[in-house]
Amino acid sequence: MRQITLSQAVNEALAEEMRRDERVFIIGEDVAEAGTPFKVLSGLVEEFGTARVVDTPIAEPGFMGLAVGAAMTGTRPVVDLMFGDFIYLIMDQLCNQAAKTHYMSGGKLNVPLVLRTNLGATRRSAAQHSQSLHALVAHIPGLKVAMPSSAYEAKGLMKTAIRDDNPVVIFEDKLMYNDKAPVPEEEFLIPFGAANIKREGRDITLIGTSSMVQVCEAAADLLAQEGISAEVIDPRTIVPLDEATLLASARKTSRVIVVDEGHQSYGVTGEIASRINEQAFYHLDAPVLRMGAMDVPVPFSPALEDITVPTPEGVAAQARKLMAGEMIHAAE
Amino acid sequence: MRQITLSQAVNEALAEEMRRDERVFIIGEDVAEAGTPFKVLSGLVEEFGTARVVDTPIAEPGFMGLAVGAAMTGTRPVVDLMFGDFIYLIMDQLCNQAAKTHYMSGGKLNVPLVLRTNLGATRRSAAQHSQSLHALVAHIPGLKVAMPSSAYEAKGLMKTAIRDDNPVVIFEDKLMYNDKAPVPEEEFLIPFGAANIKREGRDITLIGTSSMVQVCEAAADLLAQEGISAEVIDPRTIVPLDEATLLASARKTSRVIVVDEGHQSYGVTGEIASRINEQAFYHLDAPVLRMGAMDVPVPFSPALEDITVPTPEGVAAQARKLMAGEMIHAAE
Amino acid sequence: MTKKTNTEDYLRMYRQMVRIRTFEDNANKLYLSAKMPGLTHMYSGEEAVAVGICEALKVTDKITSTHRGHGHCVAKGAAFREMFCELLGKEEGYCRGKGGSMHIADQSNGNLGANAIVGGSMGIATGAAFTARLLGKEDVTVCFFGDGATAQGLMYEVMNMAALWHLPVIYACENNGYSEYTRTEEIAAGSICARAEAFGIEAHQVDGQDVLAVNALTRTLVERARKGEGPFFLELMTYRYHGHHVGDINREYYRSKDEEKDWKDNRDPIIRFRSWLVEEGIAGEDEIEAMNEEIKADATAAVEYALAARYPDVSEVDMHVYTDVTHALARSPA
Amino acid sequence: MTKKTNTEDYLRMYRQMVRIRTFEDNANKLYLSAKMPGLTHMYSGEEAVAVGICEALKVTDKITSTHRGHGHCVAKGAAFREMFCELLGKEEGYCRGKGGSMHIADQSNGNLGANAIVGGSMGIATGAAFTARLLGKEDVTVCFFGDGATAQGLMYEVMNMAALWHLPVIYACENNGYSEYTRTEEIAAGSICARAEAFGIEAHQVDGQDVLAVNALTRTLVERARKGEGPFFLELMTYRYHGHHVGDINREYYRSKDEEKDWKDNRDPIIRFRSWLVEEGIAGEDEIEAMNEEIKADATAAVEYALAARYPDVSEVDMHVYTDVTHALARSPA
Ligand SMILES: Cc1ncc(C[n+]2csc(CCOP(=O)(O)OP(=O)(O)O)c2C)c(N)n1
Ligand SMILES: Cc1ncc(C[n+]2csc(CCOP(=O)(O)OP(=O)(O)O)c2C)c(N)n1
Ligand SMILES: [Mg+2]
Ligand SMILES: [Mg+2]
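Protein chains in written order, with the UniProt record's numbering: chain A, 1 to 332; chain B, 1 to 332; chain C, 1 to 334; chain D, 1 to 334.
Simulated from the structure, these hints should not be mistaken for laboratory data.
One or more hints might be untrue.
[To be verified] Here are the simulated DSS-like cross-link-like pairs (lysine-lysine), alpha carbons at most 25 Å apart as the crow flies:
{"hint": "1", "chain 1": "C", "residue 1": "K137", "chain 2": "A", "residue 2": "K252"}
{"hint": "2", "chain 1": "A", "residue 1": "K108", "chain 2": "C", "residue 2": "K257"}
{"hint": "3", "chain 1": "B", "residue 1": "K159", "chain 2": "B", "residue 2": "K198"}
{"hint": "4", "chain 1": "B", "residue 1": "K108", "chain 2": "D", "residue 2": "K58"}
{"hint": "5", "chain 1": "B", "residue 1": "K108", "chain 2": "D", "residue 2": "K137"}
{"hint": "6", "chain 1": "B", "residue 1": "K39", "chain 2": "C", "residue 2": "K257"}
{"hint": "7", "chain 1": "A", "residue 1": "K39", "chain 2": "D", "residue 2": "K257"}
{"hint": "8", "chain 1": "B", "residue 1": "K159", "chain 2": "B", "residue 2": "K180"}
Put together the whole structure using the sequences plus the hints.
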């Protein structure tokens, strides 16, 4: 199968959906001629024109609000938020307006909107351009949250997001834009709420989101060398969350690590771990472990930044502890 | 001991700290002559004048940003955010600026700022005036988060917050403003990161935040009638979180329910439950259960709103299940 | 426009203003008799603004409304029964009781909803205008907001885009002299109209108590906006008779009874327009009284209906969180 | 001011402009040779703005800076060594390597920090001015931001408060014609100065390539701000020579080489000022060349020092999250 980059995959998904449905448009900063600073959207304005690939002033709350109103009245906006860190600026329009409109109107108004943004540290972009803030929006009912882990996932999830009648937030890992993966030429969609078992395993379950799927796979490779068989699962969407698949794996392996690039505390790992603990408690041989990003603002210095996020070695080390039953002592 | 309302307690804390330190000032909408819509600040402008009790235009990002700059340059602002739901509007100034300034400056700049706001549903205020959004800020390193559960707590925690050199967010429960509790005349402070064992018990631990402490106490009363002895713990601050006290109780009782008024998913309950699971796993007889608010926008209709938040009856019912070992079956 | 048509227009405007006032009187009574859950914000005194503007719109044109939204809702064509049901949290309300007063919406008439975030609908209104542009519709959108909302940065962000892209949106600032318990002068520096003008937006200050003046100007601007000459900005000078909300009763600390009396006695939009209708021979006193009584009776009947109506079933609590999931809390089977 | 003093002032302004240009040339080289982590935004071309303004300030006065912040930092008095160390993520950097280029701050000289959120420091600057007011200090604060930042609503929110309360803050808009890859006309409707004026704020448009003009105007406004006549607004017309950031190299799709050449050849602030210094007999060519060389040598030494300097120890990673906790991740004992 051909291999394309995550950038290209997103670009294709958008182009296909824009061809298919003329109500779809893109709005954000430097999305048109510049194709975004990450060049993900290059070429789209040439095909679809500036009426549908809309460059805005640097006014995130403004264009987010505009998109909400546009979505309520019959269009299907794809909002481009250049850095996930800017989500703080649009929280009101996203969480008070977009997320609640369908409910507050008793089901009469819809907000079919996609917010495309990114996450990921280790790019030397410092504390305000490196955050992974998906936990914040996952907490708000009314939003769906997708976390593609490869070019393939990015394309399929983006297409599903655009066709969804609800507000969907997609977090792309900005360090993966140039990563290639096999992506079929034919059209495909990836449904929300269906986790993907990336690799089957017997001894331990590694659940990873976004690029942490790769980290888990690399950890699984390390563990395999030692005879430990790790199952790797990508939930794909954290809202809705495919509990069934996660639970089945937990019950099978009896040991679970949840890996996510958001800050660990009050984040995504706690939710996933809790759901497993609640529903697979009596199958577990050890507590579900969590590995999030450190609870520190992302430091600029490379010497510090790299140690703030989970690594394959780190995941493998925790897995070994779980396998060795060491958590019993750790718990004292 | 005299009894005063939570409103009066907050008012006293502010007045005492403003008398003690002339760098402390209050800023927000209708805080001066009106004393806020909840009348919590009545009388302060008369004592401290409009230079220190500052009415602003309806510009939450603006006055929050202003407070950050004021705090960085030598004052100690107490920002009044009328409804906790407006926190979305100030997330950038709170989370990108206030929370990160000390770290990004390598420890050279401080932001000694208190953000006073509220939480709590069942006031018939609908989806944009009823949210409990403390999980969002608890996720962001650099912020401290206090959750007073009574007039006494509100006073002691507020005074500590004002003297803290870091940004602190305090969530008052807006339904508790008129609730009275014994509060000493003499000055007192309540340290952060020290949970309060409200009631000792043997059989089960109920951990509640803010008004959920009262819900847990009422549940404990119900359970006591049935011979179940529940320990009730108020963490007081969720950042920093007093793990030691929570873990000691979990190890003692072997059964835990965490109750919080934020949405359950990706919220506070998952974090607290996970920390206990991780560190007290082998002492637990059953999974730590979580009871948050329903994952729905808060509905206006009283017929619906009341069922969205945890109640004493609901907590007691879950506790009975835990005691009866029913979770084993529930988990299948 | 023929005389006949004008007459109908005038009478409809009068009727709509009285309907708003009557709605609010009933809502206030419901609050005072503890029959209404929560608080609500009365539009009484400002009727000429909503009616003057909405009578210049088609049913397909859109509006966005505010926390003080009953007037906009009535003026854009809503029915009493569904409105009172909504205010009381009943299933037959416009939003099945889920929204309440602060979120009342009536999408059948182009009302995209009240909003409990001050200024929160400015983006939405601008987006509705964007839709008209993108899909080649001729809809115009009016964004209602208060003087207090001019302090929200969002307004400047969206005015900038609306101006750059000539969107068919009219920003209608209802300047009632107060935001909550604070006078406008204390929270708004400079000139409100000049702020719009600085973005190249044509702005007008209008007497918001004169329904004909509001209507005439709006008609012109709506037509121009349809032709791509928008956006426009209106500052409508008006007054709210009640407190900030129904519970704001002792308010002399921020405004005097004399001031309130002056507006009510000398600038009431309904009294003014009624005298004009009679003077011009468009309607007789009897006709007007009959209309008033009919509206009162309608309102009373609607209130009674709403009081007796059903609450939504508890199973509705997790419906409408998502469009494609009937019950959001039904977890995937474990 | 005596002639002598003026001479010193002039030479210091020249020196500071050259220091900025030299700093940026070195930073760019570090990037191109892959010795600098991440990206950075060059201030070259805009030196007269930072220097003209900061030379009108006392060390106790405050500034807030932007993503394009090296110029402000140097102009407010920072040293090369700590700056390069910061850009390279080293322990001896102004922020111990934790901030980097986009967060460089130098509180010893009143620089409250660069900011990676466009417009993100507008509240901070206004708050610094608020502090001066509350604590009775005479500090003035200058808020630097770009033309692109005028699209952020926050600006209007804080200008409103600054105007209402006459805060000693000067909003300095560096209009370099572009925000990222977009021309200012495409993202700013109406007039930038008029937007400030609408809030009752005195606004001036100035040639940002003329350090003397910038300095003279700022001196006046700073003195007036100290007396409570603020706030003020400046729109400084300027140009950035490099791309948006150091990696933005092929940029003809959004601006022509001719345009860049025209600004560099005909409006360069350093060349212009240098000629003036020589013409006026304030400095000779030799003196100037010597100064240039000395600055270059300083920069080279600082770069070398920084390249060799230590990274912070990994144990620093969870320091400075809170003021009162040495290691934020050290959990309470279980
Ligand atoms: C963002 C936000 N801030 C504050 C409030 C609280 N609040 C509700 S109405 C109001 C005053 C609004 O004044 P104005 O815009 O003039 O409208 P009016 O009530 O006068 O019609 C305030 C401050 C809110 N609902 N939303
Ligand atoms: C809130 C926010 N939105 C977008 C960006 C991305 N960004 C960084 S610089 C920039 C352009 C800023 O333009 P301007 O304010 O004119 O400053 P200049 O770069 O021209 O100095 C943008 C869009 C950002 N850092 N912050
Ligand atoms: Mg008003
Ligand atoms: Mg610029």
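Violating hint indices (sorted, rising): Those not satisfied are hints 1, 2.
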